[in-house]
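Input sequences plus hints: build the corresponding full structure.
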Amino acid sequence: MFLSKYEEKVLSGYFGDKLAKLMKTLVKVGESLGARELVEVRHVHVSGVSIFNIGVSGAEFIRDLADSGLKFSVFTTANPYSVTYTDYLGREFGRELKELQDVVVSSLIKLGVNTFTCAPYYVRRPNKGEHLAWAESNAVLYANSLAGARTNREGGPLTLIAGILGRTYKAGVHLDENRQASVYAVIHRPSRVAEAAAAGYLLGVKVPTQVPYVRGLGGLPEEYLRAFLAAYGATSNSPLAVIEGITPDYERLGRKALEGGEKVGVDLSEVLSLLRKSAEEVTGRVLYVVGCPHLSTRELEYLVSRILGKLPEGVEMGNKELWLVTGTYVKVPKELEGKLSKRGVKVVRGACPVVSRLSALGVDYVITDSAKALHYLPKLAGVKVLLMDRGDLIKHFMGEVK
Amino acid sequence: MKFKVRFINAEFRYGCGEAVVIDEPVTYLGDVDTERGTIKGVYVKDRVVLLRVAVGSTVGSYLIYGLSKKGFKPKAILISKADPVTIIGAILGEITLAELGEELFSKLSPIVQGRRVCLDPLEGWVVVEEAGVPHSH
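So the sequence lines, in the order shown, correspond to chains B and F. Using our numbering, the letters of the first sequence map in sequence onto residues 1 to 402. Using our numbering, the letters of the second sequence map in sequence onto residues 1 to 137.
Since the hints were made in silico from the structure, they are not lab data. Glycine included, C-beta positions come from ideal geometry on N, C-alpha and C. All clues given are correct.
In silico lysine-lysine, DSSO-like type, Cα no more than 27 Å apart, as pairs:
id, chain 1, residue 1, chain 2, residue 2
1, F, Lys73, B, Lys24
2, F, Lys81, B, Lys24
3, B, Lys379, F, Lys69
4, B, Lys110, B, Lys9
Partial list, computed: chain B residues near chain F (C-beta under 10 Å):
id, residue
5, Glu60
6, Val140
7, Asn152
Stretch-level coverage of chain B by chain F, calculated; a stretch enters the list once three of its residues show a Cβ under 8 Å from a Cβ in chain F:
id, region
8, 27–33
9, 43–56
10, 228–242
11, 368–381
What follows is the structure in structure tokens.
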């Protein structure tokens with residue numbers, strides 16, 4: 001691999017053994033992926049924050065890095081932590097878990113993270129052509145497919161290294177030739193956000209590793225595209241989906257797929273069968289989750305005003321809560337928080353219920369509008385899940401008010 | 001049977017283990033159990049794990065690393081197509097990793113389950129021993 005003079009110096013230990021070791025690891029990853037050089041990145045986004053995901057060994061890894069005295073040298077955001085700071089119907093996680101989660105969060109803050117969210121594009125929207133080192137699949141797909149920036153789907157620990165060194169390896173979709181779509185995917189045009197999410201989920205199952213050229217989503221609002229990409233990211237490992245009419249340079253990037261790529265389709269019947277499950281089977285303590293990926297400020301404001309406009313204060317909500325999940329970039333006045341909590345609604349900031357063992361909080365069933373959550377919740381949270389369009393979900397939550 | 005492969009990470013000069021095949025795409029987050037030492041329910045300690053493809057969460061690297069930290073380090077992972085999440089997990093977890101390519105993976109996956117596989121990272125060889133041959137150490 002060709003390294004700059006500065007990179008050579010880092011590798012040789014001129015700036016200390018710790019940096020040299022990180023550079024050695026980065027170079028090794030890069031070489032194994034065919035990179036010929038490193039590339040400076042403008043923004044790093046770290047994944048691997050929830051204690052339920054990374055476990056004690058992951059927490060120790062991050063703590064050791066923070067304790068070594070190294071700091072991030074570029075703008076760095078991180079994924080949400082688990083919901084150890086939130087209660088569900090008065091139930092909370094135990095002290096030991098909270099302390100472990102605290103270790104991860106405080107270590108990341110020490111390294112230089114100031115925002116926790118899975119939607120880093122709402123903190124700093126990437127520019128076209130800009131190089132990034134992002135983990136978190138929904139964010140990677142957003143950056144590449146909607147903003148035209150360049151990032152591979154980095155592994156969690158690699159982003160820590162990239163944040164410190166301010167660089168990543170130049171391979172994968174940092175290079176033009178790997179941004180070409182090779183599969184031509186025709187999606188039945190979704191008429192609701194949940195249909196877009198379901199279509200993304202199904203496309204990932206059908207095209208798990210290649211870059212698809214997607215027809216059927218042109219002109220749709222961002223919430224459709226975000227839901228589609230987040231779900232696609234859960235069932236595939238592609239960092240990019242070239243969306244006709246949306247992705248910058250889509251004509252050029254899609255040429256090969258259109259001319260001779262394998263063709264796949266996602267039709268309406270498949271989408272509807274994923275959404276078909278009826279709400280009648282929902283029993284026990286229910287948690288409604290909206291905000292996977294995290295809500296934008298605008299989405300949150302809309303939902304809050306809708307709920308406050310419909311639900312009277314102090315209404316008896318029974319065995320259910322609604323969590324509106326968003327990043328730490330949103331500020332919620334105490335007074336508003338109080339108003340919402342009297343209606344069984346919480347704004348969860350900087351955290352993520354999908355990466356938390358909700359069963360331990362006594363949750364039996366989650367109703368969500370996210371197909372990404374549908375994919376992960378049964379495995380990670382140990383609960384049953386129902387996928388529902390956002391509008392229906394809010395109605396369902398409010399409609400059963402006695 | 002002897003095959004030339006590309007080693008991405010090597011942690012020994014020569015080593016062998018029983019092969020296990022995981023043909024379905026793996027989402028490490030959810031499919032790896034670091035308490036039991038399994039991937040998709042398959043026990044991996046000291047085994048040569050043939051893994052078709054890893055998809056989903058980028059947190060996966062920590063889970064591969066975690067397998068190692070918890071004492072369930074596989075002898076090696078042989079993957080059809082290496083991805084950044086698997087690579088960084090293997091490097092930090094000090095697990096030998098090789099990329100087989102789609103063709104070789106498809107050729108080996110139906111026949112190697114339970115057989116002894118030996119690896120020579122220095123020379124870039126994978127050797128699948130004949131079925132029924134007693135193990136020699």
